[in-house]
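S.K.: From first to last, the protein sequence lines stand for chains L and F.
In my numbering, each residue carries its 1-based index in the first sequence increased by 24.
In my numbering, each residue carries its 1-based index in the second sequence increased by 12.
Simulated from the structure, these hints should not be mistaken for lab results.
Predicted model, so just to flag it, every value in this text is computed and none were measured.
Be aware that one or more of the hints could be misleading.
[To be verified] Below, in silico cross-link-like pairs of lysine-lysine (DSSO-like), each with a Cα-Cα straight-line distance of 30 Å or less:
#1 LYS242/L / LYS45/L
#2 LYS147/F / LYS31/L
#3 LYS145/L / LYS18/F
#4 LYS145/L / LYS64/F
#5 LYS147/F / LYS183/L
#6 LYS183/L / LYS64/F
[Said to hold, decoys possible] Some, not all, of what chain F presents toward chain L, calculated at C-beta under 10 Å:
#7 GLY69
#8 ARG87
#9 LEU133
#10 MET146
[Stated by the list, open to error] Pulled from the structure, derived: some chain L residues nowhere near chain F, Cβ distances all over 10 Å:
#11 TYR77
#12 MET230
#13 ARG252
For glycine and all other residues, C-beta sits at the position ideal for the given N, C-alpha and C.
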Amino acid sequence: MIFHRLKVGFHRLGSPPTFHKLCRVLSPWLWAGFLLCAAIGLYYALYVVPPDYQQGDSYRILFIHVPAAWQAMASYVIMAILAAIALIWRIRTVEIMTMAAAPVGAAFTALCLATGSLWGKPMWGTWWAWDARLTSMLVLLFIYLGIMGLYAAFEDRRKGARVACILVLVGLVNIPLIHFSVEWWTTLHQGATIRLLGESRMHPSMLPPLIWMTIGVKLMFGAAMLDRARNDLLEQDRRKNWIRQLIGESA
Amino acid sequence: MTPTRKKRLAIVALLVLGVGAAAAVAFTALNDNMLYFVSPTDVHAAAAPEDKQIRLGGLVAAGSVQRDPDSLSVRFTVTDGRHDVPVSFEGILPDLFREGQGVIAHGRLNQDGHFHANEVLARHDENYMPPEVMKSLESAGHPPEASKQ
Chain L
25 MIFHRLKVGF HRLGSPPTFH KLCRVLSPWL WAGFLLCAAI GLYYALYVVP PDYQQGDSYR
85 ILFIHVPAAW QAMASYVIMA ILAAIALIWR IRTVEIMTMA AAPVGAAFTA LCLATGSLWG
145 KPMWGTWWAW DARLTSMLVL LFIYLGIMGL YAAFEDRRKG ARVACILVLV GLVNIPLIHF
205 SVEWWTTLHQ GATIRLLGES RMHPSMLPPL IWMTIGVKLM FGAAMLDRAR NDLLEQDRRK
265 NWIRQLIGES A
Chain F
13 MTPTRKKRLA IVALLVLGVG AAAAVAFTAL NDNMLYFVSP TDVHAAAAPE DKQIRLGGLV
73 AAGSVQRDPD SLSVRFTVTD GRHDVPVSFE GILPDLFREG QGVIAHGRLN QDGHFHANEV
133 LARHDENYMP PEVMKSLESA GHPPEASKQ
């Protein structure tokens, strides 16, 4: 029974008016959650957690750098799952959502690269190094930009989305490369601090802001993606009847 | 799932697996070129070419740093625990540079095994902790395990 209801709910999301309504209802909550988590996280990061034994206060940029890096990769995985659904089931709202995820993921990648560069100069002594971790992250940014460019290059939006979805799946190979680059090769970038399996290398007193910022950034990704998807849908369907009805309702 | 969708699912799976396999083959072949630095052991095994720019990575040996009081010249030894390479450098060192710290020196190895660096980068490990915790760990004789260099 539950499975059947889920299935019906999933299929309803394929209908533009339902999808539009869901985006409009969810988005403010996600933005509010993001602001709350980011405020708590930044307060902890800047005022509460102790300095690092080696890097002093400079390491506090980690609380933006690491959540941004994780989200850059998580966004890509979410986008790839959406792309597979879009290619197999050819659901238009899913195609739109996939394409809406790309600029948000690209923004997190750029933020990760920029904060990493700012952090690298005082600690490592250089803004940039062509090691495997930094280079694979730069490649991720280019893949995101490629997906956005490909989608925009087609007159027919659905065709553009389908072609870009294929590129999304091709680029998925870069994600494990980024993650394992610090284990497979020698890099300037250090190894992973937080590990899903095994003990993390960060003192527990420093963890709260990292958790708050990570949750906040995930909510922000969801909010920005849904807003972008809603805008894209409204623009594509601006001459359709359901939008006329929608405007009629609110007027 | 309809037959068309099953077919599309197979194509999607093949695409991801195919690209993954191609990347695995390519990066296995390129493995040596993906390394950002070589260790003193590699240098001793003559794996590193002489008179060619390389990056040497390791720890600054304890008690090896000698600064020239009149210039920016500095000499130190880079070690990986098994082999040592003497390094000379003239310039400003990163803030994290100290004995026992991970460093990457970019430069040339001359014939007598001396490394002339034109750039020195500091490498920090993945451990983060407050200074007091580090002090108590040190006094208890359990400094954190350093990352693989």
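S.K.: May I ask you to test the interface hint for MET146/F with respect to chain L, counting a Cβ-Cβ separation under 10 Å as satisfied?
M.R.: holds, 4 Å
S.K.: Please work out if LYS145/L and LYS18/F have their alpha carbons no farther apart than 30 Å.
M.R.: Status violated; Cα separation ~51 Å.
S.K.: Between LYS242/L and LYS45/L, does the CA-CA distance stay at or below 30 Å?
M.R.: holds, 21 Å
S.K.: Is the Cβ of MET230/L more than 10 Å away from each Cβ in chain F?
M.R.: violated, 6 Å
S.K.: Between LYS147/F and LYS31/L, does the CA-CA distance stay at or below 30 Å?
M.R.: Given that 30 Å is the threshold and the Cα spacing comes to 57 Å, the pair is violated.
S.K.: Can the hint on LEU133/F be confirmed by a CB-to-CB distance to chain L that is less than 10 Å?
M.R.: holds, 5 Å
S.K.: Given the hint that LYS147/F pairs with LYS183/L, does the C-alpha gap stay at or below 30 Å?
M.R.: violated, 61 Å
S.K.: Between the alpha carbons of LYS145/L and LYS64/F, is the straight-line distance 30 Å or under?
M.R.: Between LYS145/L and LYS64/F the Cα gap is close to 26 Å, so the pair holds against 30 Å.
S.K.: Would you say ARG252/L is clear of chain F, with no C-beta pair closer than or equal to 10 Å?
M.R.: Non-interface label stands for ARG252/L: nearest chain F Cβ at 24 Å, farther than 10 Å.
S.K.: Given a cut of 10 Å on the nearest C-beta pair, is the interface hint for GLY69/F held or broken against chain L?
M.R.: holds, 6 Å
S.K.: Per the stated criterion, does the least C-beta distance between TYR77/L and chain F lie above 10 Å, as a non-interface residue requires?
M.R.: Violated, since 4 Å does not exceed 10 Å.
S.K.: Need the status of pair LYS183/L, LYS64/F: alpha-carbon distance at most 30 Å?
M.R.: With Cα atoms ~51 Å apart, LYS183/L and LYS64/F exceed 30 Å; violated.
Figure legend: structure checked against the earlier numbered hints; hints not met, in rising order: 2, 3, 5, 6, 8, 11 and 12.
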